[in-house]
Every structure is written in C-alpha cells, then in structure tokens.
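Following the hints, complete the assembly by docking chain C onto the known chain P.
Protein chains in written order, with this note's numbering: chain P, 1 to 276; chain C, 1001 to 1318.
No lab work stands behind these hints: they were computed from the structure. Some hints here could point you the wrong way.
Unchecked claim - If you anchor each label on the Cβ, the simulated ranges turn out as follows:
#, chain 1, residue 1, chain 2, residue 2, range
1, C, T1270, P, A220, 53 to 61 Å
2, P, T87, C, P1277, 37 to 45 Å
3, P, A202, C, H1261, 40 to 48 Å
4, C, P1277, P, V60, 47 to 55 Å
Said to hold, decoys possible - DSSO-like, lysine-lysine: derived pairs with alpha carbons at most 27 Å apart:
#, chain 1, residue 1, chain 2, residue 2
5, C, K1106, P, K138
6, P, K13, P, K96
7, C, K1235, C, K1106
8, P, K199, P, K188
9, P, K199, P, K13
10, C, K1106, P, K96
11, C, K1301, C, K1175
12, P, K17, P, K96
13, P, K229, P, K51
14, C, K1106, C, K1029
15, C, K1024, C, K1051
16, C, K1175, C, K1051
17, C, K1024, P, K138
18, C, K1029, P, K138
19, C, K1244, P, K166
20, C, K1106, P, K51
21, P, K229, P, K166
22, C, K1235, C, K1024
23, C, K1051, P, K168
24, C, K1221, C, K1244
25, C, K1106, C, K1175
26, P, K51, P, K13
27, P, K229, P, K199
28, P, K166, C, K1051
29, C, K1010, C, K1024
30, P, K138, C, K1051
31, C, K1221, C, K1106
Stated by the list, open to error - Okay, the calculated bits of chain P under chain C, using three or more residues with CB under 8 Å as the criterion:
#, region
32, 114–125
33, 133–140
34, 149–161
Where a beta carbon is used, it is the ideal one built from N, C-alpha and C, also for glycine.
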Amino acid sequence: MAVSIEELQAKAKLLRKHIIRMTTAAGSGHPSSSLSAVEMITALYFGGFMKYRPEEPHWVARDRFILSKGHAVPALYAAMAEAGYFTVEATMSLRKLGSIFEGHPNMARMPGIEASTGSLGQGLSIGLGQALGMRLDKLDSRVFVMTGDGELDEGQVWEAAAAAGKFKPGNLTLIVDQNGYQQTGATKDVLDMRPIADKFEAFGWHTQVVNGNCQANAVAALTIATNIKDRPTCIVSQTQKGFGILPLLEAEGDLNYHGKPLSPALAEKAIAFLGD
Amino acid sequence: MYYGELSGLKLGAATRDAFGDALKDLGAKHPEVVVVDADVGNSTRTEPFMKAFPERSFNVGIAESNMVSVASGLASCGKTAVCSSFATFLLSNAFDQLRMSVAFPKMNVKFVGSHSGISIGEDGPSQMGIEDVSLACSLPGVKVIVPSDAVQTAAATAAMLADHGPIYLRTGRSKVAILYPNGCDFQIGKSIQLRDGSDVTIIANGLMVAAALDAATELAKSGVSARVIDMHTIKPIDEEAIAKAARETQRIVVVEEHLMHGGLGSVVATVVARTVPVPMAFVNVGDCFAESGDPQGLLDKYGLNPAAVVAAVQSVLR
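So that you can see chain P by itself, here it is in the shape it has in the complex:
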C-alpha cells in the first residue's frame, strides 16, 4: 500500500477537526455520529480502496461510497474536502441557507455524493442497485455502503441483505458503523440487533468484525473485503460514538451526545485535545 497507517492516522485527525469545526460553526448537526466513522471513511478515500476523480465526479468507472447514515455527513464532507472535491473552508457553510453542504447528503445538489440519504434504511438497497448496474456494464467498480447499527432496526436493510444474498454482487461492501448508540440510548437497550455478523452470514454474505476505530484494522478489513468477488461483504465496524474526544464528552456527562454540536469553547478544547 502506498499510504502508511501513520499517514492515514494523521488524515483521520484532520477529518475529526473539520467535523468539529463545521458542526460547531453550523450550530447543529451530529458530530459524535460522524466521529465514530472516521477511520473507515479515511481508509476508503485515502487508503487506495476507492478510485474516484474529484475533477470528474461522474466518471463512469469510479467506485462509489453511500453514506446511508446520512446524519454523519460532516465526516463525508471532511473527507471529500481533503480529497479535493472542494475546499475545507467551503464546508464551514454547513447547514446554512444557500449552501450545498446540507444537513444530510443531497446528490442532486452536490456532485460526488452517490445517494441522497437521511431517511434511514435505504442506502444498502441503493448500493445493491448500483452494484448490479456496474455488473451489467461489466465495470470493475465497487460500491461501499455505510449504515449505523441503529439503522439496522429498519426492515428495508434486511430486504436488501436478503436480495444481495440472492444476486451475489461481489462488488458490494457494507460497513456497519456499530458505535453502540442511537437517538434515545444504547442500541442494545433500544432494539438489540446483535449478533450482526451472524445475520448477514445467514443471508450468504462474507462477514468480518473489527475494531473500526483502529486505522490498521480498518485497512486490513477493507483489504480482505475488496478481494472477495463472489458475494457481498459486510464489515461490522465496532466503534465508539464520539471517538477521539471521548474523555471530553464523558466530562460533559453524555457519551451518546446525539445530534448536538460542541459549544465553541468545548470545540476549542476538543481540537486542542486531538493535538497536532
């Protein structure tokens, strides 16, 4: 691999800072849900797992990333900014009137976004359709879909899981960002969908369970997944909501910290905590 784990870790740290800055500037958003997904998104965009052209976002042979947990879009905007789709400065207009940096991904307004999401549960189905479309066109392209673990409550995810088991797209990879929380509490308390990997396995998927906040593990898991070509692959990415600044959220007395930005003072502390 051309990029070292250390370089990816540095990139991940940058993404975290962008996420905190843009949500605090917006005064709303879901920073903690974004932070859990950073290592996987970093690996996808900068670890050599996805081919894409920021200057030609609709390039037909590109790989695609669908953020089905659309509320974590600050993580995606941060990655796309670092990848060169737009400037980091531009993302600071997040959620403002007139900005294309909407609160959830909107492909109709932003090239490079592969699915409009925000109503949970639809991304895997869309990704399955794209994987089948690529296969029809004999493209050597792959679709990566990221859902949350709370999102697995949605029945449509399992409709898609079963259908993918039938059609066996070897170019479809699902990453479940299992950060353990959903809106009103811990996923194990709200609706426990575990064991997650077993369920996908039962539908005929290849599965892995990894520490998704470990950059090396994220890279290793994606390496395995992208080498499987005969069936869909699922990575259960065990993460922590708010990873990177957890001690600060703990001090705030809210480890879920769902759907709220850091105050300007806390954001400053968080960025200092992340360090250089």
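Just chain C now, kept in the frame of chain P:
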C-alpha cells in the same frame, strides 16, 4: 356491458397488458431499460420483458421498499429502471423510498402501478389502489400518467421511457374499450379532446373516459352538448385545455376511479379556481374504502358509471 359500448366502441385489452407488451417490445430497442419486480410481474405484466431479457430483470421478492431503492441505484448507473407492483402496494408501502430514493434525487425511475381503482373487483379493498394518484402527485418533480385504453398505454409507455426522470404510470386490470387508432399521438401533459361540446366539459382519465363518452352520448339525447377530454396526464396538468373548456362550456365535471382527495378532481379544481372559475362537480370513489364484489356491481354501487356522470352534469346545469 362495458364502458364505451353505448358509444359504439370495441372492447380492447386491459391497460396492464398493453403496458407489458409495449415494455417487452421497447426493451429490444432500449438496452438501458431494466426491470425490478417485487414478485408480481405476472400480475403487473412486466413478465414478458423479464422472460425476454432475464439479465436485465431483477425479482427482489415481496419487498416493495427494496425494489424501489434498487431501481434508484440502477438508475444512478445510467439505466432506465422500471419497477412495478399493485398501485396501492407500490405507492403506500414504498412511499418513503419513492420520495427519498427517486423523487428527491430526480432518478430516472419509472414506477408502474397496476390493479388501480375499485374495478379490480373480488380481491377487495386491500388490493385496490385508490389513493395512488394523490400520493404520486404529492412527490415534487414526478410526472403522473393514467392512460385510458390499450393503444394509448402503449404510446404512453414509449413516451415514458423516452422521458428522463421519475414517472408514475397507472394501469388497470379490467379490459377497456378502444378509444384510439394504432399509432395515435401521445404527448405527456397534452390532453386529448375526444368529443366537442358547448354546455359542459367532462374531464376524465383511465377507465372513466369511456364512461364519460357514454354519458355524453346519453346527454345528447336530451339536447345537452358535452365536451369530453381525456386528461391522461395529471402532472404536469394541461392548464390550457382546462381553462379553455371552462371559458367555452362554463361547467366542468371531473370523473376518476380514485378517492375524492388529491386526485384528478383536486388538480383540475385548482386550475379552474386560478384561471376561469366555473361551477364544478366531481365523480369519484369519495372518502371511503370499497369492498369485494363483481367489478360492474362495485362501479355501480360506488357511483362510477355513466348514470352517475349524467347526474353530475345535470347538477351543474341547474
């Protein structure tokens, strides 16, 4: 007895059959067309296409939500994705997917609802799509087409595939009278005047166009001159034809096999109110669920026949 018989029309195929045959024929010319099915292709009539082009056909099982979003994914790869189910299961079960996966990102998905209206008969109200048009019309940027006979359905299917963007096509289960010659002109959003008249205009779509023609034939006997317009496209609506009819005939009756709220009647009334306000009457299913029964018995019981159209016309003539 069938609607249109009184007006000397011949009975033709059901619109679902015409759609299915046209889709298969067009499939040969359009390699970008793919079909996604929720295991009712033999009812909605995508089956001929699926048999002819198995590599471009995907039966995802009884899962309308997944079907619609998979179609969206295929469309985002440059395909013209056709998906279909019973009108009510498609629009009601998968409405969020039609909203988020199709309408919002402006995907080139054609969603086709069969078994519309109460004329499906014996299977009963759970299977009857009578709210589908209202739901489809509420989706921003989605075009809504309700063809009235087999010939027009074939033309509408071709027009739908040629158009880029989301479209809802509503088809029916029962055989309907033939209103148009083969090769008839069809333009999305351009209504067709089937009969001229000066006292009242009857605007209808689907099965009820033939019933409207029968009503006009009946009204002529008592000296009432009724214009009949086939409003096959509800969105975008043909405002020009409606305003012209209101101006020239001063009375409008809207006839449809759909609930009262949000269907053709609501859309036409909005145009009439904004352009040339005139007295109106409405013939529709009302605000209720129907029941099981034979198709004609149901249409009579729920007031969707030529006699009901005549009565509605008389109410605005007074």
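Now the hints, each set against the structure:
Look at C:T1270 against P:A220: about 59 Å separates their beta carbons, and that is inside 53 to 61 Å. Separation of P:T87 from C:P1277 is about 53 Å and departs from the stated range, judged on CB atoms against 37 to 45 Å. The beta-carbon spacing between P:A202 and C:H1261, approximately 44 Å, falls within the hinted interval of 40 to 48 Å. A beta carbon spacing of about 52 Å between C:P1277 and P:V60 agrees with the range 47 to 55 Å that was offered as a hint.
For the suggested pair C:K1106 and P:K138, the alpha carbons sit about 25 Å apart, so the restraint of at most 27 Å is met. Under the criterion of a C-alpha separation no larger than 27 Å, the hint pairing P:K13 with P:K96 is consistent with the structure, at around 25 Å. Distance restraint check for C:K1235 and C:K1106: the Cα-Cα separation of roughly 15 Å lies within the 27 Å cut-off, and the hinted pair is therefore satisfied. Simply put, P:K199 and P:K188 have alpha-carbon atoms about 16 Å apart, close enough for the 27 Å limit, and the pair holds.
A threshold of 27 Å between alpha carbons decides the hint, and for P:K199 with P:K13 the separation of about 33 Å lies outside it, so the pair is violated. Restraint check for C:K1106 and P:K96: the C-alpha separation of about 23 Å stays at or below 27 Å, so the hint holds. Pair hint C:K1301 plus C:K1175 holds up; C-alpha atoms about 20 Å apart against a cutoff of 27 Å. Taking the CA atoms of P:K17 and P:K96, the gap is about 19 Å. The hint holds against a cut of 27 Å.
With a C-alpha separation of about 17 Å, the suggested pair P:K229 and P:K51 falls inside the 27 Å cut-off, and the hint holds. For the given pair, C:K1106 sits about 24 Å from C:K1029 by alpha-carbon distance, which is consistent with the 27 Å threshold. A distance of roughly 9 Å separates the Cα atoms of C:K1024 and C:K1051; the hinted pair therefore holds under the 27 Å criterion. A threshold of 27 Å between alpha carbons decides the hint, and for C:K1175 with C:K1051 the separation of about 23 Å falls inside it, so the pair holds.
For the proposed pair C:K1024 and P:K138, the alpha carbon gap of about 23 Å is at most 27 Å, so the pair holds. Taking the CA atoms of C:K1029 and P:K138, the gap is about 20 Å. The hint holds against a cut of 27 Å. As the CA atoms of C:K1244 and P:K166 are separated by approximately 54 Å, the hinted pair breaks the 27 Å bound. The straight-line distance between the Cα atoms of C:K1106 and P:K51 is roughly 25 Å, inside the 27 Å bound, and the hint therefore holds.
Taking the CA atoms of P:K229 and P:K166, the gap is about 15 Å. The hint holds against a cut of 27 Å. Distance check on the hinted pair: C:K1235 and C:K1024 sit about 26 Å apart at the alpha-carbon level, within 27 Å; holds. For the hint linking C:K1051 to P:K168, the alpha-carbon distance of about 21 Å falls within 27 Å, and the restraint holds. Distance check on the hinted pair: C:K1221 and C:K1244 sit about 25 Å apart at the alpha-carbon level, within 27 Å; holds.
A C-alpha spacing of about 33 Å is found between C:K1106 and C:K1175, which places the hinted pair above 27 Å, so the restraint is violated. Distance check on the hinted pair: P:K51 and P:K13 sit about 22 Å apart at the alpha-carbon level, within 27 Å; holds. Of the supplied pair hints, the one linking P:K229 and P:K199 holds, its CA atoms being roughly 20 Å apart against a limit of 27 Å. This hinted pair checks out: P:K166 and C:K1051 have alpha carbons roughly 18 Å apart, not beyond 27 Å.
For the suggested pair C:K1010 and C:K1024, the alpha carbons sit about 25 Å apart, so the restraint of at most 27 Å is met. About 22 Å separates the Cα atoms of P:K138 and C:K1051, which keeps this hinted pair within 27 Å; it holds. Distance hint between C:K1221 and C:K1106 is unfulfilled; the C-alpha atoms sit about 49 Å from each other, more than 27 Å. Three residues within the 8 Å Cβ limit are the bar, and the region 114–125 of chain P against chain C gives 9, so the coverage statement holds.
Under a criterion of three residues with beta carbons nearer than 8 Å to beta carbons of chain C, the stated coverage of the region 133–140 of chain P is upheld, 4 such residues being counted. Coverage of the region 149–161 of chain P by chain C holds in this model, with 4 residues showing a Cβ closer than 8 Å to a Cβ of that chain against a need of three.
Of the numbered hints listed earlier, those contradicted by the structure are 2, 9, 19, 25, 31.
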